[in-house]
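Visitor: So you can see what is in the structure, the chains are spelled out below.
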Amino acid sequence: MTTILDPTDERKPVARQVTARPGTLSGTIGLLDIRKPRGNVLLDELERQLKAAAPGITIKRFTKPTFTKPCPDDIRRDIAAQVDYLVEALAD
Amino acid sequence: MTEPKPGFSLKSLAGGTHAFPAGAPSLVVFVKEDCETCNTAAPVIEAIHRAYGEKLQVLMPSQSGEASALFAARHSLTFPVLDDTGCKTSFDWDIEIVPSVFWLNPDGSLRQHFEGFVRAEWQALSAGIAADLAVPQAQIDWDALPAWRPGCGSRHLYPEIFERLRAAASGDLLRARRIEIGEADDVAEFMFDQGFSDGLPLVAPTPERVLRMLGGTHRAPQDLIAVVPPNMGEATTEKVAINAVMAGCKPEYMPVLIAALEAVCTDAFNIHGVTATTMGAAPVIVVNGPIRDRIGMNKGLGALGSGNRANATIGRALRLIVGNVGGGKPGGVERSTLGNPMKYTMCFAENEERSPWPPLHVERGFNKEDSVVTVFAMTGGPVHIVDQESREPRQVAGSIGLGLESVFLPKLRNLPVDALLVVCPEHIDTLMSQGHYTKAELRARIQEVTSRPLSEMVASDTSGAGIPKATAEKMGAEKLRASAPKFAGEEYIHIVVAGSDAGKFSSAFHGWATGEIGSQSVSRKIDLG
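Protein chains in written order, with my numbering: chain G, 1 to 92; chain X, 1001 to 1529.
FYI, nobody ran anything at the bench for these hints, they're computed from the structure. Treat each hint with caution, since some may be false.
Straight-line alpha carbon distances no greater than 30 angstroms define the calculated DSS-like cross-link-like pairs of lysine-lysine that follow [said to hold, decoys possible]:
#: 1; chain 1: X; residue 1: 1329; chain 2: G; residue 2: 12
#: 2; chain 1: G; residue 1: 64; chain 2: G; residue 2: 51
#: 3; chain 1: X; residue 1: 1011; chain 2: X; residue 2: 1055
#: 4; chain 1: X; residue 1: 1250; chain 2: G; residue 2: 12
#: 5; chain 1: X; residue 1: 1474; chain 2: X; residue 2: 1368
#: 6; chain 1: X; residue 1: 1329; chain 2: X; residue 2: 1411
What follows is a list of derived Cβ distance ranges for each label pair [as the list claims (entries may be wrong)]:
#: 7; chain 1: X; residue 1: 1158; chain 2: G; residue 2: 27; range: 38 to 44 angstroms
#: 8; chain 1: G; residue 1: 21; chain 2: X; residue 2: 1461; range: 50 to 56 angstroms
#: 9; chain 1: G; residue 1: 67; chain 2: X; residue 2: 1193; range: 23 to 29 angstroms
In this text, a Cβ means the ideal position worked out from N, Cα and C, and glycines have one as well.
Taking the hints into account, I'd like the entire structure generated from these sequences.
Guide: Dropping the structure here:
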């Protein structure tokens, strides 16, 4: 644990901020399967429902080689470059 | 009666907790295991405990962690040896030397204190306690003991321990919000993510480092140094020190940084406008006076460039304060179309020793022995003025004037705009080759060689800037034949000397809107306490 002192005028809370929510469903949505069993089933269903709810969106599917290790850099880069939002299926 | 010594509650090697004061007379002796003198004193303390222990509480805070047990075993100590591994009690009691001996009243107030081993002092202590408690004196073979042995430095004064303790005890000194960064987080990346950075890595402003930085100024941590636009954030000495740590400053730079911050936060300098303008202005800091050498500033070779810590970090710290405390961040209130590298840092010292002229601060009304910062709002530069051929003073002065043509746009004249001219030593030598050439002569020469008929300023196919055609028509040919120099007055031309002895390259910083609606240069005497 490192403690540092706030260099600002302390108007804003210091924490990792959640990315601003757009309020609408649009653009390209990535669905990342981390290779946990049946994660693909969950994402298939999510893709079906997203397409039904917002026909204009584009869905891109990604898959990690294995859930036991961090996501390889090239997949991270692909995701960052290609999608506006990402849903990651963590569940068994 | 003295103030009671600070209370404590420490665990003994045996596991019990011992509190001070406990309502009985006490002998408290601070030791560390590897101190020869502490080892000399230990049998005496044991003998005192055996003789007076029923009426006297003997406590021994030891600074040596696990080695404290070795110490206790070595001397067969039967009184509580207490664990002060973290040295907090040593810090609270403000000792310097071990063994540090305190004979105390039941309420914790001091009867007697000494350090090290002076046999006569220990003998008197034992006799004093015996008399006070009305018990027989301890049987100690004083003659077998050395007459005098110096103690050792207390472990809590080791720099890394002392700074941690001082930071922990600094509740009254440091009031900035403390941010805990988790083990899994990279501190440098965290600071980038929080937006604290100017784009370059930062030094983590830990409480220890900030306290050390505060040691560079006599200003109290919560003193308000300046209210920083655009958010009107309050820059206390502590906030200045935090940003100074992040920028990489040394504590001795603090007085310069404080003066620079005070200067830019004046109404005259107008850091709000300087930050916000799409033209992309930045403060240029010039330092004069004895502090230049005291803190190792660069005034010579490469003075306007990289490589000198003071030059680089003072300017950077100022910019970080404007961004972090004032909230002036690029894309927010900072709206430069292009920006410029001076927005990272621009600070240098005048080479007064190589100048034939009164230095900038003397010209501006200060004493030569004063240390002074002067801040200019500049949008471009340093722009080099290259003349390796001129051998006559009026020739090189002429070249310097022509070199300033590009301020804003070569076509524009009569500009109410500052320029900060940095004359290099070789050009100085040429200027002085036929006798003393004054700053006033140089300014006049600049105005002379840049004078052109107003007709050249009229908007044309080449450039639409300048005097609108309709205005020119109203003015008529005669008025347009009148000449105008580059600057609206010689007072807009500021001159300093810097650089190394080799090279005929002077340079100039080009200003922003100078005046009440823009920015005016400001000088501030550096408060060295």
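Visitor: Each hint should be assessed against the structure and marked as holding or not.
Guide: Evaluation of the provided hints:
1. 1329(X) - 12(G): holds, 14 angstroms
2. 64(G) - 51(G): Roughly 23 angstroms separates the two Cα atoms, so the pair holds.
3. 1011(X) - 1055(X): Measuring from Cα to Cα gives roughly 21 angstroms; hence the hint holds.
4. 1250(X) - 12(G): Holds, because 28 angstroms separates the two Cα atoms, which is no more than 30 angstroms.
5. 1474(X) - 1368(X): violated, 51 angstroms
6. 1329(X) - 1411(X): Roughly 33 angstroms separates the two Cα atoms, so the pair is violated.
7. 1158(X) - 27(G): 38 to 44 angstroms: Check failed, 58 angstroms falls outside 38 to 44 angstroms.
8. 21(G) - 1461(X): 50 to 56 angstroms: holds, 53 angstroms
9. 67(G) - 1193(X): 23 to 29 angstroms: With Cβ atoms ~26 angstroms apart, the hint holds.
Taken one by one, the earlier hints fail for this structure at numbers 5, 6, 7, listed in ascending order.
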